[in-house]
Structure formats: C-alpha cells, structure tokens
Amino acid sequence: MIVVEFFEKMFQRRPAPSKIEYPQEETFVESHFKIKQMYEELNVEYFQNKVNASIVWFGDKHKRSTRRKILGSYDISQNKIKINRILDHSDVPYFFVSFIIFHEMLHSVYPPKRGKRGRWQIHHREFKQNEKNFSEYARAKAWEKANKHRFLVI
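Using the numbering used here, the first residue of the sequence shown is number 69, and each one after it goes up by one.
None of these hints come from the bench; they were simulated from the model.
As the structure is a prediction and not an experimental result, all values here were calculated from the model.
Among the hints, erroneous ones may be present.
Calculated lysine-lysine pairs in the DSSO-like style (CA-CA distance at most 30 Å, straight line) [to be verified]:
| no. | residue 1 | residue 2 |
| --- | --- | --- |
| 1 | K181 | K213 |
| 2 | K184 | K102 |
| 3 | K184 | K209 |
| 4 | K200 | K184 |
Could you build all of it, start to finish, from the sequences and the hints given here?
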C-alpha cells in the first residue's frame with residue numbers, strides 16, 4: 069500500500085513550473101555611461117519632461133556580431149527603452165550614446181504610421197524631421213558612419 073501511494077504521488081500530474089525568472093536588465097551595473105541620468109537630461113531638454121519610458125541596458129558588452137547590431141530599441145508594449153551594452157565603453161563618445169537614447173525616446177513620441185501603400189513606417193518623415201533637432205545630430209551620424217565597423221567582428 070505504501071509503495072502504491074508513493075508511485076501515485078510520483079506520477080501525479082503536477083502543475084507546470086512557473087516561468088523561469090532571469091535577471092532583469094535593471095540589475096546590470098553600469099560602468100561608463102549613466103543612461104538613466106542621460107535620459108532624464110534629454111527628457112528635460114527636448115521633451116519638456118513628458119516622456120515617461122523606463123530605460124535599461126541589454127546585451128553583452130563584449131559580444132560583437134557579424135550582422136547589423138541593434139544599438140537601441142523601444143518596446144511600445146512595455147514603454148521601455150533598451151540600450152545595447154556595447155555602447156557602454158570609454159571609446160564611444162557621450163554625444164553618440166545621447167543620440168541613441170534621444171532616437172529611442174522619439175519612438176515613444178512618434179509611433180509607427182501607415183504609409184501611403186499601407187506598410188508601417190517606423191522612421192517616417194515627422195520622426196526624421198524631429199530627429200534632426202538633436203543638437204549634435206550631424207556629429208552623431210558622422211561618428212556612426214565612421215565607426216560602424218567597431219560593432220562587428222571582422
């Protein structure tokens with residue numbers, strides 16, 4: 069009887085384990101750039117403190133890719149800006165990281181639109197015009213163009 073009870077308990081249908089909790093992006097320690105502070109400064113300077121998204125690092129600081137690397141993203145469902153940790157390096161200029169944060173903040177203000185042909189446009193005309201309001205826009209775009217190779221394995 070005891071053996072039967074033991075096996076019945078062992079083979080009972082058990083609930084599925086709860087979702088595995090991985091460390092949140094917020095738990096990573098910032099080493100070079102203080103993105104939350106940068107975000108707050110940009111929010112005051114360009115957005116009248118109206119953007120209320122959270123901001124976190126994501127990814128591995130030392131991992132490079134042979135494909136196009138996403139430097140930042142905005143998740144509309146979570147209202148969260150994510151900045152790639154490969155930018156958290158002393159060789160990456162402050163103005164460039166600020167530009168990436170600014171760009172992602174714009175996504176919260178100017179969401180995607182349907183274009184004339186029905187396709188979604190993420191970087192539509194209004195978005196691009198406002199992106200140029202960043203004080204170091206030309207410098208940031210030039211640095212990005214000159215340094216794209218830094219984010220790839222050659």
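Here is how each hint holds up against the structure:
Proximity of K181 to K213 is assessed by CA-CA distance (about 27 Å); at most 30 Å being required, the pair is judged to hold. Among the hinted pairs, K184 with K102 is inconsistent with the structure: their alpha-carbon atoms are about 40 Å apart, more than 30 Å. Note on K184 and K209: the hinted pairing holds, with a Cα-Cα distance of about 28 Å set against a maximum of 30 Å. This hinted pair checks out: K200 and K184 have alpha carbons roughly 23 Å apart, not beyond 30 Å.
Of the numbered hints given earlier, the model fails hint 2 alone.
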